[in-house]
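**Student:** Sequence lines, in order, name chains B and W. Residue numbers for the first sequence follow the working numbering, so the first one is 138 and each next one is one higher. Residue numbers for the second sequence follow the working numbering, so the first one is 4 and each next one is one higher.
No lab work stands behind these hints: they were computed from the structure. On a predicted model such as this, the values are computed, not experimentally measured, just so you know. One or more hints might be untrue.
As the list claims (entries may be wrong) - Derived list of chain B stretches under chain W, where covered just means 3 residues or more per stretch with a C-beta under 8 Å from a C-beta of chain W: (1) 262 to 268; (2) 390 to 401; (3) 405 to 418.
Said to hold, decoys possible - Heads up, simulated DMTMM-like pairs for lysine to aspartate or glutamate below, C-alpha to C-alpha not over 25 Å straight-line: (4) B:Lys256 / W:Asp132; (5) B:Lys547 / W:Glu35; (6) B:Lys361 / W:Asp58.
To be verified - For the chain W half of the interface with chain B, some residues (derived, Cβ under 7 Å), not all of them: (7) His111; (8) Val119; (9) Leu180; (10) Ser270.
Glycine included, C-beta positions come from ideal geometry on N, C-alpha and C.
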Amino acid sequence: MIYSLLNQYPASTVRHDELLDSSGEPRAHWKELLESLDLEPEAIMRQRVNAVRRQVRENGVTYNVYADTKGVQRPWDLDVLPFILPHEEWSIIEQAVIQRARLLNDILIDVYGSQNLLKSGRLPPSLIHGHSGFLRPCHGTDLPGNIALHHYAVDIARAPTGQWWVVADRTQAPSGAGYTLENRTVISSAFPELFRDLKIQRLSGYFSAMRDSLNYWGRICAEKQSRSNPNIPPLSEGEQPLTVLLTPGPYNETYHEQSYLAGYLGFPLVQGSDMTVRNGVVMLKTLSGLKPVHAILRRLDDDFCDPLELNPDSLLGIAGLTEATRRGNVLVANSLGSNLLESGALLGFLPELCNHLLGQNLIMPSVATWWCGEPAALEYVVTNLRELVIKPAYPQLRQRPIFGEDLNAKDKDEFIKRLRSNPQNFVAQELVKISQAPVLAKDSAKSLNAYAVGLRVYACATPNGYVVMPGGLTRVASGSDSRVITIQRGGTSKDTWVRAPHAVNHTSLLRRTTSSKDLVRDNTFISSRTVENLYWFGRYNVRNNLNARLLRATILYFLEFSSEHRAIEWPTVHGLCVWYGLMPEKEEEEKGESDHSLLSIELNDQEIEDQLVQAVFAKDQPSLANNIQSFYQLSFNLRERLSDDNWRVINQMTQSFADTGENPTIADALSTLNQMRTSLVTLAGFSLDGMTRDHGWRFLSMGRRIERLQFLCVLLQRALTMPPNSNLDWLLDLTDSIVTYRARYSAQPEWLPVLDLILMDENNPNSMIFQIKGLIKYLAQISLTYNKGGDEQMLVERLYSLESLDPDATFFHGNKVLLCWLEETYQASLKISDKLSQRFFSYSGSQQESNRY
Amino acid sequence: MRYHITHETHYSYDSVATLSQQLLFMSPRNFESQICLDHQIDVTPVPNESANNLDYFGNISHYFSIFTPHQDLIVRVESTVDLFPRPSLQSLEHSTPWEIVRDRLNLHNGIYNDAVAYLYPSPKILCSDALADYARPSFSNGRGIVEAAFDLTQRIYREFEFDSEATNVSTPLSEVLEGRRGVCQDFAHLMIGCLRSMGLACRYVSGYILTIPLEGHEKLIGADASHAWVSVYCHKFGWIDFDPTNNCLVQNDHITVAWGRDFSDVSPMRGVVLGGGAQTLKVSVTVTPIWSNELSVQLSL
Numbered sequence: 138m139i140y141s142l143l144n145q146y147p148a149s150t151v152r153h154d155e156l157l158d159s160s161g162e163p164r165a166h167w168k169e170l171l172e173s174l175d176l177e178p179e180a181i182m183r184q185r186v187n188a189v190r191r192q193v194r195e196n197g198v199t200y201n202v203y204a205d206t207k208g209v210q211r212p213w214d215l216d217v218l219p220f221i222l223p224h225e226e227w228s229i230i231e232q233a234v235i236q237r238a239r240l241l242n243d244i245l246i247d248v249y250g251s252q253n254l255l256k257s258g259r260l261p262p263s264l265i266h267g268h269s270g271f272l273r274p275c276h277g278t279d280l281p282g283n284i285a286l287h288h289y290a291v292d293i294a295r296a297p298t299g300q301w302w303v304v305a306d307r308t309q310a311p312s313g314a315g316y317t318l319e320n321r322t323v324i325s326s327a328f329p330e331l332f333r334d335l336k337i338q339r340l341s342g343y344f345s346a347m348r349d350s351l352n353y354w355g356r357i358c359a360e361k362q363s364r365s366n367p368n369i370p371p372l373s374e375g376e377q378p379l380t381v382l383l384t385p386g387p388y389n390e391t392y393h394e395q396s397y398l399a400g401y402l403g404f405p406l407v408q409g410s411d412m413t414v415r416n417g418v419v420m421l422k423t424l425s426g427l428k429p430v431h432a433i434l435r436r437l438d439d440d441f442c443d444p445l446e447l448n449p450d451s452l453l454g455i456a457g458l459t460e461a462t463r464r465g466n467v468l469v470a471n472s473l474g475s476n477l478l479e480s481g482a483l484l485g486f487l488p489e490l491c492n493h494l495l496g497q498n499l500i501m502p503s504v505a506t507w508w509c510g511e512p513a514a515l516e517y518v519v520t521n522l523r524e525l526v527i528k529p530a531y532p533q534l535r536q537r538p539i540f541g542e543d544l545n546a547k548d549k550d551e552f553i554k555r556l557r558s559n560p561q562n563f564v565a566q567e568l569v570k571i572s573q574a575p576v577l578a579k580d581s582a583k584s585l586n587a588y589a590v591g592l593r594v595y596a597c598a599t600p601n602g603y604v605v606m607p608g609g610l611t612r613v614a615s616g617s618d619s620r621v622i623t624i625q626r627g628g629t630s631k632d633t634w635v636r637a638p639h640a641v642n643h644t645s646l647l648r649r650t651t652s653s654k655d656l657v658r659d660n661t662f663i664s665s666r667t668v669e670n671l672y673w674f675g676r677y678n679v680r681n682n683l684n685a686r687l688l689r690a691t692i693l694y695f696l697e698f699s700s701e702h703r704a705i706e707w708p709t710v711h712g713l714c715v716w717y718g719l720m721p722e723k724e725e726e727e728k729g730e731s732d733h734s735l736l737s738i739e740l741n742d743q744e745i746e747d748q749l750v751q752a753v754f755a756k757d758q759p760s761l762a763n764n765i766q767s768f769y770q771l772s773f774n775l776r777e778r779l780s781d782d783n784w785r786v787i788n789q790m791t792q793s794f795a796d797t798g799e800n801p802t803i804a805d806a807l808s809t810l811n812q813m814r815t816s817l818v819t820l821a822g823f824s825l826d827g828m829t830r831d832h833g834w835r836f837l838s839m840g841r842r843i844e845r846l847q848f849l850c851v852l853l854q855r856a857l858t859m860p861p862n863s864n865l866d867w868l869l870d871l872t873d874s875i876v877t878y879r880a881r882y883s884a885q886p887e888w889l890p891v892l893d894l895i896l897m898d899e900n901n902p903n904s905m906i907f908q909i910k911g912l913i914k915y916l917a918q919i920s921l922t923y924n925k926g927g928d929e930q931m932l933v934e935r936l937y938s939l940e941s942l943d944p945d946a947t948f949f950h951g952n953k954v955l956l957c958w959l960e961e962t963y964q965a966s967l968k969i970s971d972k973l974s975q976r977f978f979s980y981s982g983s984q985q986e987s988n989r990y
Numbered sequence: 004m005r006y007h008i009t010h011e012t013h014y015s016y017d018s019v020a021t022l023s024q025q026l027l028f029m030s031p032r033n034f035e036s037q038i039c040l041d042h043q044i045d046v047t048p049v050p051n052e053s054a055n056n057l058d059y060f061g062n063i064s065h066y067f068s069i070f071t072p073h074q075d076l077i078v079r080v081e082s083t084v085d086l087f088p089r090p091s092l093q094s095l096e097h098s099t100p101w102e103i104v105r106d107r108l109n110l111h112n113g114i115y116n117d118a119v120a121y122l123y124p125s126p127k128i129l130c131s132d133a134l135a136d137y138a139r140p141s142f143s144n145g146r147g148i149v150e151a152a153f154d155l156t157q158r159i160y161r162e163f164e165f166d167s168e169a170t171n172v173s174t175p176l177s178e179v180l181e182g183r184r185g186v187c188q189d190f191a192h193l194m195i196g197c198l199r200s201m202g203l204a205c206r207y208v209s210g211y212i213l214t215i216p217l218e219g220h221e222k223l224i225g226a227d228a229s230h231a232w233v234s235v236y237c238h239k240f241g242w243i244d245f246d247p248t249n250n251c252l253v254q255n256d257h258i259t260v261a262w263g264r265d266f267s268d269v270s271p272m273r274g275v276v277l278g279g280g281a282q283t284l285k286v287s288v289t290v291t292p293i294w295s296n297e298l299s300v301q302l303s304l
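Work out the full structure: start from the sequences and follow the hints.
**Tutor:** Structure below.
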């Protein structure tokens, strides 16, 4: 059969081709895919490509390119075609990866324990003692189940012979498993029928094994904790241990993945400052006080994990964590110090160590690697430099790989000199021509290109041995330099399909029983930081919504009336925009100095229009666009608490600003504002509709109520002091009460009914009384749990004084009593917000200092 | 020889510290040249928890944490130690040629496992050609390792100036070598860097020296605070201590607290404080000789 798809597919003579065999025929395990793609019209593939791109974008799958720069995110690059592997080949890979994981685990256990490998001379001491990743304080750590390497990833690639080789081991905090899961979600829905018909192995079983195993060992740590600490009760039969995912924070390159995984596995996503150590037990700072942590899945580098015993400059770790692990009171996966095994210098020693430790031959060889610390290896490397790539032997020597073939004669001599003066600092690896796989061409949905690929395979320790994720992250070279595959430098990725001989049922290896008494009805593990973020999420959601509404009203006002009719209400709406920082305060000054006539102090319409457009779009001054960007950052911190739907809406908002053209007009501003309002109202709807009413939700709701309360105070104070004959439509519009008002009164708005609706109507969710009553209710519920009241009283007093206002005597323009009440209420809201932070968020506030002499 | 040591550390904070976690290396360790008879650590405010540990190098660490708000942290450590005579320079004659020691250490056969732990660069001491170049004049062909190391000790003493203003805890070694000035810690790091760059094993020793000079002796430098010197692996003689700050082979006026690869392994006090703001630190050390031979005789029986 001839496939039109393959017309331009470049076969390779020097590389193994994943798709075609040596005679140019498609390999059996690709045939179904090729056939089905070849038959379908081009439009279908085009749709698929768009759907994949849209889903990646909407799910917000990103990779932060520069970990330390705010906001630099690149969308994840995913090729629509999967990478397919047949069952037979996969089982060899699987066996090899399990063997290697066991071997590396045994080496870690030895180095951080009895050190027999060093004492017997099987491991050169410089690989351990000379390695900055060998963390001496972690020697003698108590490892539950004798496992140090819980999660292992290995980068493999295929040589021209068809044989798979190991390129590198990831033993510290392997990344990419979450991206793999997301790739699968996206690609399997792009090919629903094929995915089913080809009997592709599922990934979910791997992740439940991961979760269950961490919980299993977490339970052992829990027992240890309660044995040595009389204050810590043992876990009940069905109670789950507390496992957390420790992240370096939102600016880490793979933060998106971390939050995704935390949400998927159901582990709280925490930062070091969310935890503290008491009596050798790691404690999570939660709303209800300190809760013992049993297992930590970490994505933080070894030495950053503990500023007390490891890197004192780390602000990301937990002071005292190392001691907690030495006592066996907490499981850290992977165990601290496991970075040690990522050194390429170790690769050459693995075959012998495998024989010694496991009594087996190493199944999958490493790419030929020479550690220059051995004299014979050094001479080989010097002689064959052109065919080799030279890498640092230890991570502390930060340097990029050097390709021997890139060096000219002079550079080569210099490099050899460097090599000879410190040979133990270098490893050399053979340059392997790695295999190529089909990638859909960017310009045509009906033609295939070939790019070099590598596969990252994941393994996870369980009480019954290692299990391997049936699939993995296929990484594609960016094209220009097929020698280097890194996501950091712009490579793309693929979903990996491992075919099963028959449909496989995934059942957890670990028995879990939950009895009715163990059912969890409230999220008690919510960290103080998360609660604080939820509170501000609520506030900013409402604030952005109000700002969008205000800007829209202001723009409509501006467009509707010409400058001479604008006079009466204009200063009020404009003043509100200034109060929110959206429009500049003293725009007149410069003009006033040059010309003192009254007219020139007023801005002309064009200038006002520019300011209004700026208020929506400006990047370099306060604007709605910037507020939405901050809201996005805040939401990013809460990523694992937000449902995918929530997240999609938040993404769309930021995207629509990013998509704005060079010089937006006032019409663009209006259309963006309408869009924003819809999105923000949708978000508000999600939090009412879709979120569990736990304390986190209550804080979010309090944030919403306080923000609206403050807005009403400021709005009404200004409205009541504007000129007496003003129109009140805009006031109803800003408080979203226009529909209700018209239904009730069908007349021109007047002060008494308008103020009654905005202040006193308990059925109006935008009214003052509605905000106050809600705040009282939530505060009371929270105080019930945390037994420290006080703040409600201030609000109850506000409620009484509001209810005791006589509408006939006070609800009119310019009333002093009402103005005074509004000011008092505004001040009270500021106090309540401060008190909330003191009571509940204080844990997250303090600055950490280190000392040393 | 018996000594009593008082080591007081006082941190004052500008604002209230709400949590303090500290790790001390202030407990003198026991080994063939020294025994610690009495040791006490008093912390104000009283810690909420504390624990002793042995670290990777066999040093005694003391951990404590304080949850009660405080603005002053005072750590007072008192120790009584007996020192036993160490070999004199004469008895160390005919030491192994340094090249042989170097080659043995680099054999990777597991026999010198104890020494190779101190053979490689460490956080504060990176090896370099410049350090090896500085060391080389002391390491002529076939010279005994003790003789060579003592020569290096003397050269550092002669060619570097003691200057407590020139450096701080984070001054890199290359700068010390360049500027030719520093304090005891810098000279120890420098000498270790030289030896390791020559392929020899060397450790950093933290401790104290006599505050009040013995009759007829000059007051030793570095006596008012913690002191630091080096210990060189000398093959058949084991570990031999040299003090480049005081131009001497260590005899019986150096009290050892802890040893490691460099300062970062054994800094006397390190910790993490929540809150507190700016901090000021006062340290005082007093070492007093006690002339009671009777007691030590009883103990040695």
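**Student:** The segment 390 to 401 of chain B covered by chain W? Criterion: 3 or more residues, Cβ-Cβ distance below 8 Å.
**Tutor:** n = 0 at 8 Å, threshold three: violated.
**Student:** Against chain B, is Val119 (chain W) within 7 Å by beta-carbon distance?
**Tutor:** 4 Å, holds
**Student:** Okay, the segment 262 to 268 of chain B and chain W, do three or more residues pass the C-beta test at under 8 Å?
**Tutor:** holds (count 4)
**Student:** Please verify the coverage claim for the segment 405 to 418 of chain B: does it have three or more residues whose C-beta sits within 8 Å of some C-beta in chain W?
**Tutor:** This one holds; 5 residues, not fewer than the three required, reach chain W with a Cβ under 8 Å.
**Student:** Are the Cα positions of Lys256 (chain B) and Asp132 (chain W) separated by 25 Å at most?
**Tutor:** Status violated; Cα separation ~30 Å.
**Student:** Would the hint on His111 (chain W) be counted as holding, given a Cβ-Cβ threshold of 7 Å to chain B?
**Tutor:** 5 Å, holds
**Student:** Using Cβ atoms only, decide whether Ser270 (chain W) comes closer than 7 Å to chain B, and label the hint accordingly.
**Tutor:** 5 Å, holds
**Student:** With a cut-off of 7 Å, does the beta carbon of Leu180 (chain W) approach a beta carbon of chain B closely enough for the hint to hold?
**Tutor:** Check failed: Cβ of Leu180 (chain W) comes no nearer than 18 Å to chain B, outside 7 Å.
**Student:** Lys547 (chain B) and Glu35 (chain W) were given as a pair; does the straight-line alpha-carbon distance stay at or below 25 Å?
**Tutor:** 55 Å, violated
**Student:** Given the hinted pair Lys361 (chain B) and Asp58 (chain W), is their Cα-Cα distance within 25 Å?
**Tutor:** Holds, at about 22 Å.
When held up to the earlier numbered hints, the structure conflicts with 2, 4, 5, 9 and fits the remainder.
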